Structure formats: structure tokens, C-alpha cells
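**Student:** Sequence:
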Amino acid sequence: VLIAFLLDGRPVVGVTYAPILDEMFFAIHGRGAFMQSHYSQSIGNSYSDNNEKKPQQIFCSPTTQLSQALISMTAGNGRNEESIERFQTVQKAILQQIVRHIR
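Here the sequence shown stands for residues 1 to 103, where the numbers follow the working numbering.
One thing to keep in mind: the hints can contain errors.
Distance ranges between label pairs, derived from CB positions [claimed, not checked]: (1) Phe-5 <-> Lys-54: 19 to 25 angstroms; (2) Thr-89 <-> His-29: 29 to 35 angstroms; (3) Asp-8 <-> Thr-89: 26 to 32 angstroms; (4) Pro-19 <-> Glu-82: 30 to 36 angstroms.
Source of the hints: derived by calculation from the structure; they are not laboratory data. Because the structure is a prediction, the values reported are computed rather than measured. Built from N, CA and C at the ideal position, the CB exists for glycine as well.
Let the hints inform the model, and build the full structure from the sequences given.
**Tutor:** This is the structure:
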């Protein structure tokens, strides 16, 4: 599940939820990015009766070289020929830059 809130066309809040893992990632402009997991042992102390864990702040790696980067991308919803070709073109361009890995 992916949700974003834009204000004047700029992202303010973004949320990604992985229901199978019961993990939620969220970021708030100017406040950072966080992960919330009900099963992770590494995340803070319980703060409610249902044993939910406090969100843990997460950070980007200091990687500055594309050759050391992990890139995550999606093909989107389009499955027509034009959408597929556009996605393949983008993947090819990224791979030609010697990116470390694409997920």
C-alpha cells in the first residue's frame, strides 16, 4: 500500500505499508523517515496495551556513487505496449550506468 499527500504539488507525507510483514514506513517533510513494525525486536519499548512498538527513525545511506546504489522501482500499473517499452527503456538506462542492483 502506497499513500502520499501533496501540498501545492510537493510531497509532504508518504506512507508505505507491507501487510504481509506488518511493516509500515513513513516520512514527513522536515521531520525524517521512520519504520513501524509490530514484530521487530529492535524497535523501542512498547507504548500501548496491544504491544505496538515505537516507530524507529531510519536513514539513507551516504552512498553518492550510482555504482554502489540499490535502486527500487516499479513498472507501475500500465501493461500496454507503450508502458512496457517505457519501463524497459528506464531499466536499461539505469543498468548501463553500472548500478549495483535494481529491485
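**Student:** Each hint should be assessed against the structure and marked as holding or not.
**Tutor:** Going through the hints against the structure:
Against the hinted window of 19 to 25 angstroms, the Cβ-Cβ separation of Phe-5 and Lys-54 comes to about 22 angstroms, which satisfies the hint. Between Thr-89 and His-29 the Cβ separation comes to about 31 angstroms, which falls inside the hinted range of 29 to 35 angstroms. Distance hint check: the CB atoms of Asp-8 and Thr-89 are about 31 angstroms apart, consistent with the given range 26 to 32 angstroms. For the hinted restraint 30 to 36 angstroms between Pro-19 and Glu-82, the CB-CB distance of approximately 31 angstroms keeps it satisfied.
Of the numbered hints stated above, none is contradicted by the structure.
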